Amino acid sequence: MKIGKYEIEKPLFLAPMDDITDYPFRNICKEWGADVVVTEFVSAEAVIRNVDRSLKKMSFNEQERPIGIQLYGSSELSMANAAKTAESYAPDFIDINAGCWVKKIANRGDGAGLLKDLKKLERVLSEVKSNTELPVTIKTRLGWDDNHITIFDVLEIAYKMGIDFITVHLRTRQQGLKGNADWSWISKIKEKTKIPFVANGDIKTPQDVEECFELGADGVMIGRAIIGNPFFFKRCKLYLEKKDEYLIEPDIKERLQWCLIHFQKHIEYYGEQRGVPTFRKFYNGYLHGYPYIGKIRTEIMNLKSAQKIEEILISIMENPEKVYERVHSEANE
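0 is the number of the first residue of the sequence shown in numbering that gives the first Met the number 0; add one for each residue after it.
Any given hint could turn out to be false.
[Said to hold, decoys possible] Here are the simulated distance ranges between beta carbons:
no.: 1; residue 1: Q306; residue 2: D181; range: 39 to 49 Å
no.: 2; residue 1: M300; residue 2: K189; range: 26 to 36 Å
no.: 3; residue 1: E209; residue 2: T277; range: 31 to 41 Å
no.: 4; residue 1: D116; residue 2: H287; range: 38 to 48 Å
no.: 5; residue 1: D17; residue 2: D116; range: 19 to 29 Å
[What the hints assert, rightly or not] Computed list of lysine-lysine pairs in DSS-like fashion (alpha-carbon distance at most 27 Å, straight line):
no.: 6; residue 1: K55; residue 2: K264
no.: 7; residue 1: K9; residue 2: K187
no.: 8; residue 1: K159; residue 2: K177
no.: 9; residue 1: K55; residue 2: K294
Because the hints were derived from the structure by calculation, they are not lab data.
All values reported here derive from a predicted model rather than from experimental measurement.
Built from N, CA and C at the ideal position, the CB exists for glycine as well.
Build the full structure now, drawing on both the sequences and the hints.
If you want it as structure tokens, here you go:
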């Protein structure tokens, strides 16, 4: 599959997730085998107003390539101008968000809201394509709801507008993240599409990744399963290569080693005041399988000092049995 100037067979993508796929986490995921990464979604309106936090979301380093910057918005002019700004950061492609289901985004016509006005979606894609030399891609959903499945129309629009590839989250906007992603659409989409297609939604195991490829996907995008679990990329690669090593999951020491590395990168990037609370979402993944995870997590989450958190992570990493015994004893008092 062609991604910008790169040709990658069966690529694994890190899904764009707000407040998740930031600069530190993307770099961690690349170290563990992500082929393609995408930034958090970036508001076109914020970009053209030069909002520092939004501009910062578009920054990356060379180790992250190939990387896409994802923009969202519904104003053709704003999206076009934001694309020009995004191009100045020199990503490998610009991705248009036509799939965000969150009410405050979709109900104002952005994200999946574009699926209720396909003519506007076409105009947005046209303006973005006209204002950048970079490849342009789109991430979308099956439709607004079960009564308004628009994916085949979007495929035609994407092809007509010269979109380089399309990623489809296999749920409707109405579903959000509820229910199951409908993988029966993978083969249907592959049959209809004239451009490469990346499958997304409920990719939880290496076997899921293989099945998506077998059903016809050109690429697979992984989202929630990767939060605090960057090791998943390597396991999927090993499974696709038919290597038994995929069965070996990192033990608690290795998980905590990478949690600590990630935490330090996160604090360096955001600073302690913002970094400590915004890292909390990652602990569940990194501590998965450790006894009394809830109590340990609560202990960490009540701390505001990065140094204190590092000390706890190091103590678990160096002697997980001792920490377990302490917590176990406290739990039974």
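Now for the hints, and whether the structure bears them out:
no.: 1; hint: Q306 <-> D181: 39 to 49 Å; verdict: holds, 47 Å
no.: 2; hint: M300 <-> K189: 26 to 36 Å; verdict: violated, 43 Å
no.: 3; hint: E209 <-> T277: 31 to 41 Å; verdict: holds, 34 Å
no.: 4; hint: D116 <-> H287: 38 to 48 Å; verdict: holds, 41 Å
no.: 5; hint: D17 <-> D116: 19 to 29 Å; verdict: holds, 23 Å
no.: 6; hint: K55 <-> K264; verdict: holds, 15 Å
no.: 7; hint: K9 <-> K187; verdict: holds, 19 Å
no.: 8; hint: K159 <-> K177; verdict: violated, 32 Å
no.: 9; hint: K55 <-> K294; verdict: violated, 35 Å
When the structure is compared with the earlier hints, violations turn up for hints 2, 8, 9 and for no others.
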